[in-house]
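Novice: These are the residues of each chain, in order.
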Amino acid sequence: MKRFLIFLPLCVAIVIGLAGWWGLNPDRDPNSIPSALIGQPVPAFDLPAIEGIGGLGLSTQDFGDGSGPILVNVFASWCVPCRAEHAVLTRMVREDNFALLGINYKDKPEAAAAWLTELGNPYGRIGSDETGRAGVEWGISGVPETFVVDANGIIVFRFVGPITSDAALATLRKALAQAGADKS
Amino acid sequence: MIRLFIILIFMATSAAAVEPDEILSDPALESRARDISANLRCVVCQNEPIDTSNSGVARDLRLLVRERLVAGDTDEQVYDYMVSRYGDYVLFNPPWKSTTYALWLAPFVIALLGGFCVIMVFRRSNVGPEGVATLTADEEDIFADVTKRNTDGTTL
Numbered sequence: 378m379k380r381f382l383i384f385l386p387l388c389v390a391i392v393i394g395l396a397g398w399w400g401l402n403p404d405r406d407p408n409s410i411p412s413a414l415i416g417q418p419v420p421a422f423d424l425p426a427i428e429g430i431g432g433l434g435l436s437t438q439d440f441g442d443g444s445g446p447i448l449v450n451v452f453a454s455w456c457v458p459c460r461a462e463h464a465v466l467t468r469m470v471r472e473d474n475f476a477l478l479g480i481n482y483k484d485k486p487e488a489a490a491a492w493l494t495e496l497g498n499p500y501g502r503i504g505s506d507e508t509g510r511a512g513v514e515w516g517i518s519g520v521p522e523t524f525v526v527d528a529n530g531i532i533v534f535r536f537v538g539p540i541t542s543d544a545a546l547a548t549l550r551k552a553l554a555q556a557g558a559d560k561s
Numbered sequence: 826m827i828r829l830f831i832i833l834i835f836m837a838t839s840a841a842a843v844e845p846d847e848i849l850s851d852p853a854l855e856s857r858a859r860d861i862s863a864n865l866r867c868v869v870c871q872n873e874p875i876d877t878s879n880s881g882v883a884r885d886l887r888l889l890v891r892e893r894l895v896a897g898d899t900d901e902q903v904y905d906y907m908v909s910r911y912g913d914y915v916l917f918n919p920p921w922k923s924t925t926y927a928l929w930l931a932p933f934v935i936a937l938l939g940g941f942c943v944i945m946v947f948r949r950s951n952v953g954p955e956g957v958a959t960l961t962a963d964e965e966d967i968f969a970d971v972t973k974r975n976t977d978g979t980t981l
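Chains A and P, in that order, are what the protein sequence lines are.
All residue numbers for the first sequence refer to this note's numbering, where the first residue is 378 and numbers rise by one.
All residue numbers for the second sequence refer to this note's numbering, where the first residue is 826 and numbers rise by one.
Derived by calculation from the structure, the hints in this document are not laboratory data.
Treat the hints loosely; a few may be bogus.
[To be verified] Far from chain P by the CB rule (all over 12 Å, computed), these chain A residues:
1. A413
2. P420
3. T437
4. Q438
5. Y482
6. P499
7. G509
8. G516
9. L546
10. T548
[As the list claims (entries may be wrong)] Restraint ranges, calculated between C-beta atoms of paired labels, are given here:
11. P:D963 <-> A:A396: 51 to 59 Å
12. A:F384 <-> P:P920: 34 to 42 Å
13. P:D900 <-> A:V392: 36 to 44 Å
14. P:L916 <-> A:L382: 38 to 46 Å
15. P:I848 <-> A:G497: 54 to 62 Å
Here a beta-carbon is modelled for each residue, glycine too, at the ideal position from N, C-alpha and C.
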């Protein structure tokens, strides 16, 4: 028994060390919440277009028709990081092969229209979610957030925060490539 | 006047973020809504229930909880809806399932281990003289002999 107890401090040190190694890992974000919608079909929602810019609204029917992958970007004109992200998304749409759809979250139509006129509109369709109800259906916690939906209308990836860093862009491209590859 | 003051003090509750326009006219439904929203975690200001959070999403969720209760949902259905959107994370009271066994059992395991250590420590400190090996008969003889000689003043 005594011989066994000699190893007790070592075991305790190992446990504390492992907990520290796991907990202090810079890649681990304690604030990140696992998304409940990964692997699920696009939730039921139906949003009108933003008044004043023409274009089409966004609803569940726009997904799962075999074309994909689709990038769904949740944005708002009052969201400063969205402004930074906008340029990245605009460039990505030109360079990569995917459809970019938008959800305009809790925004006034005139503000959103002015924002899109100023910065350009890279979105194929935009749904105006003035109440934030569709945002709840998508399980978002804020803006910006970006989802990748595959050709079958299944949500395969979610990114919380602006896609401005190279690392964020790389993970998003990887998810898009995977979603596109699953189709064929 | 003083009586009124005392009554008012006892009526005071902890500050909640629930705004007047959110409160339902049916007190029974409202109290259910308050209980549910106290058990739902805000996804923006994490570790705060949506009942006391001032964030926009928390307000949306509070309104949604009330809307569903008015529509006739049971408490379970409201929780299930929230979990389907935001995952188990929104529950302050996580369910008992394979991914949460460690979470639920860890306190008991640690308490058992700690109790075991405490018992070991106390038992060792209580061992006392009976734990020390006694002398054999031969050794007793030698010891008696030595003590005798010492007290006699003779040497070995």
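Novice: Would you mind marking each hint as holding or not holding in the structure?
Specialist: Here is what the structure says about each hint:
| no. | hint | verdict |
| --- | --- | --- |
| 1 | A413 | violated (4 Å) |
| 2 | P420 | violated (8 Å) |
| 3 | T437 | holds (15 Å) |
| 4 | Q438 | holds (20 Å) |
| 5 | Y482 | violated (10 Å) |
| 6 | P499 | holds (26 Å) |
| 7 | G509 | violated (5 Å) |
| 8 | G516 | violated (4 Å) |
| 9 | L546 | holds (25 Å) |
| 10 | T548 | holds (20 Å) |
| 11 | P:D963 <-> A:A396: 51 to 59 Å | holds (56 Å) |
| 12 | A:F384 <-> P:P920: 34 to 42 Å | holds (37 Å) |
| 13 | P:D900 <-> A:V392: 36 to 44 Å | holds (39 Å) |
| 14 | P:L916 <-> A:L382: 38 to 46 Å | holds (40 Å) |
| 15 | P:I848 <-> A:G497: 54 to 62 Å | violated (44 Å) |
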